[in-house]
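Participant: Just so you know, the sequences run in chain order Z and P. So the mapping is simple: my numbering equals the position in the first sequence, first residue as 1, plus 136. So the mapping is simple: my numbering equals the position in the second sequence, first residue as 1, plus 2.
Treat the hints as calculated values from the structure; they're not laboratory data. Hints may contain errors.
A few chain Z residues that face chain P, going by a derived Cβ cut-off under 7 Å, partial list only [stated by the list, open to error]:
id, residue
1, Glu172
2, Leu276
3, Glu413
It should be emphasised that the depicted structure is a prediction, and the values quoted were computed from it without experimental measurement. Even glycine gets a Cβ: it sits at the ideal position worked out from N, Cα and C.
As a plain string of letters, each chain reads:
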Amino acid sequence: MKSIFCSRGRQTFPVEGWREDLRVDGRGCEDYRCVEVETDVVSNTSGSARVKLGHTDILVGVKAEMGTPKLEKANEGYLEFFVDCSANATPEFEGRGGDDLGTEIANTLYRIFNNKSSVDLKSLCISPREHCWILYVDVLLLECGGNLFDTICIAVKAALFNTRIPRVRVLEDEEGSKDIELSDDPYDCIRLSVENVPCIVTLCKIGYRHVVDATLQEEACSLASLLVSVTNTGVVTCMRKVGKGSLDPESIFEMMETGKRVGKVLHASLQSVLHKEESLGPKRPKVGFLG
Amino acid sequence: MAVEMRLPVARKLLSESVGRDTKKHLVVPGDTITTDTGFMRGHGTYMGEEKLIASVAGSVERVNKLICVKALKTRYNGEVGDIVVGRITEVQQKRWKVETNSRLDSVLLLSSMNLPGGELAEVQAVFSDGAVSLHTRSLKYGKLGQGVLVQVSPSLVKRQKTHFHDLPCGASVILGNNGFIWIYPTPEHKEEDAGGFTANLEPVSLADREVISRLRNCIVSLVTQRMMLYDTSILYCYEASLPHQIKDLLKPEIMEEVVMETRQRLLEQEG
C-alpha cells in the first residue's frame with residue numbers, strides 16, 4: 137500500500153489529539169467507524185459477504201467443494217484462503233503489486249484459523265480418509281481505507297455464517313464401492329457454527345497511546361501495530377506485531393487488554409446484525425453493488 | 003467505546019423539488035450536445051461530423067454563444083491566480099515538486115519563493131503539458147502549521163474572491179482551488195511575519211480541537227452530498243451539526259439530516 141509519508145508537522149496535530157482521546161474525525165481511541173455488513177451478495181457461491189468500514193471495502197466468497205482430506209487429519213475437512221488485492225483499490229496493486237500483501241493476509245488468516253475450536257472441521261467430513269468438504273474462502277479487496285485485517289476478518293466470519301453446504305449421504309453397496317448422494321431438496325443444507333470464529337483487532341501505537349481502527353493517515357503516523365485475534369468470549373487466539381517500530385512489553389499487555397475488550401463488543405455487534413439480517417428472511421431488500 | 007454495525011441502506015436520490023428550476027443537461031463523453039453549428043465550443047467539447055460532442059461527463063453550460071461542459075469529477079486544472087494548498091513530495095536542485103491533485107505534479111521554483119516551506123502558493127503559470135508553476139508571492143502564503151487537511155474534488159470548491167476564511171466558531175479554513183482544504187486553529191494574534199519559518203508546534207487546546215474535528219466532519223458530509231463548498235455553506239453546516247456529537251456526524255443518516263438543514267437555510271437566504 138502506498139505509504140503516505142507524514143512529516144513531523146503534520147503528525148503533531150493528530151498525535152496530541154490522541155493523548156486527549158479525540159481523533160481528527162471526532163472518534164475516541166477505541167471507537168470504530170460505521171460498519172456495513174451484507175451477506176449473500178454473490179449468487180454462485182456457497183456463502184458470501186461484503187463489509188464496508190469507512191473507505192475500506194471487502195468482498196468474501198466461500199465455495200464448498202468435495203475433495204480428499206489431508207493425510208494427518210483424515211476425518212476433518214479444511215479451509216483454504218486466498219486473498220486478491222484488486223487493482224481497483226489502489227494503483228500499486230496493478231499486476232503483481234498486490235501479491236505480497238495478499239500473501240501476508242492469507243498467512244495471517246491461516247494462523248488464526250489453525251486451531252481446533254475456530255471452526256468445527258469434523259462436521260466437514262463426509263467419509264473418513266476419502267471424502268470431505270473443502271471450503272475455499274476467497275477475499276477480494278475492493279478499496280483500501282485503513283484497517284484491512286479487522287474488516288477482512290469480519291467479512292470472513294459473516295461469509296462463513298452465510299455458507300450453506302449441501303447435505304450429502306454416502307451409500308455403500310454390496311461390492312463395497314461408495315456412492316455419494318445429494319439431497320433432492322436444494323434448501324437442505326448444513327451450516328457452520330461461527331460462534332468461535334475469532335476476529336482481529338488491530339491496535340496502532342501512536343505516540344503514547346494506541347488506537348483501534350486507524351484510517352490511512354493514522355496508520356502512516358504509527359510505527360508499530362499489534363494484531364490481536366480474539367474470540368467472542370475474549371480469549372486471545374493469536375497475536376502478531378507489525379511495523380518497523382518497537383513496542384514496550386508493558387504497552388503490549390495494555391494493548392492486549394484493550395483488544396480483548398473491543399473484540400468482545402465487536403463480536404456482539406456482528407452477531408446481532410447477522411441475526412437481524414437473517415430474521416428479515418429471503419424477501420429482504422438486497423442492496424448489492426448498485427445501491 | 004463503540005462498535006456500530008448495520009445493514010446497508012440503498013442511497014436515496016436527491017429530491018428534485020429542492021429549489022432547482024432548470025433541470026441540468028447532463029452528458030457523458032460521446033453525447034451530442036447540439037447539431038447547431040452557430041455556437042462556439044468551450045472546454046469539454048469537440049467538433050465531430052458537424053455536431054458538437056461532449057468529451058467529459060458533466061453538465062452543459064451555455065453563456066450566450068459559448069457552450070462548454072463542466073465535468074463533475076475531475077483532476078485539478080490550474081488557472082492563473084488560483085490559490086492552492088499542496089504537499090511537497092520531492093525536493094530537487096532548484097525547485098520543489100508539489101502534489102496538488104492535478105494530472106501532473108506542480109513545481110515550486112525556489113526563485114519564486116519567500117521562505118523554505120511554501121505549502122500555500124498561488125498559481126503563476128501553466129505549462130503546455132498541464133503542469134502548474136506556483137509561487138508564494140507574499141508572506142500571507144507559506145508553510146502551514148498545525149491543522150487538518152481534507153481532500154475533496156476540485157469541482158466542489160466555489161470560486162470566490164478570497165479563500166482564507168476565519169470562521170466565528172474559532173477555527174480558520176483555507177479553501178484551495180485544487181480541492182485541498184486546510185482547517186487550522188485561528189492564530190491568537192496576527193503577527194507581522196505570519197507564515198514565517200517556524201511552524202507552530204504548541205499543543206492545541208481541546209476546545210479548538212473539537213471545533214476543527216467538527217468542521218472536518220461537516221465538510222465531509224457536504225462533499226458526500228455533492229454540495230458546493232464556500233464559507234457560508236460550511237458555517238451553516240457547522241451550526242446545524244451542533245446538536246449532534248462529533249463522531250455521530252460520520253453516520254449516514256445524521257449526515258443527510260445535517261446537509262438537508264444546511265440546504266434549507268441556504269435556499270432561504272437566497273430566496
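Participant: Checking hints one by one. Is Z:Glu172 an interface residue toward chain P, by the C-beta closer than 7 Å rule?
Facilitator: holds, 4 Å
Participant: At a threshold of 7 Å, is the proposed contact between Z:Glu413 and chain P supported by beta-carbon distances?
Facilitator: holds, 6 Å
Participant: Holds or violated: the hint that Z:Leu276 contacts chain P, with Cβ atoms closer than 7 Å.
Facilitator: It is violated, given that the least Cβ distance between Z:Leu276 and chain P is near 17 Å, above 7 Å.
The structure does not agree with numbered hint 2 stated previously, though it agrees with all others.
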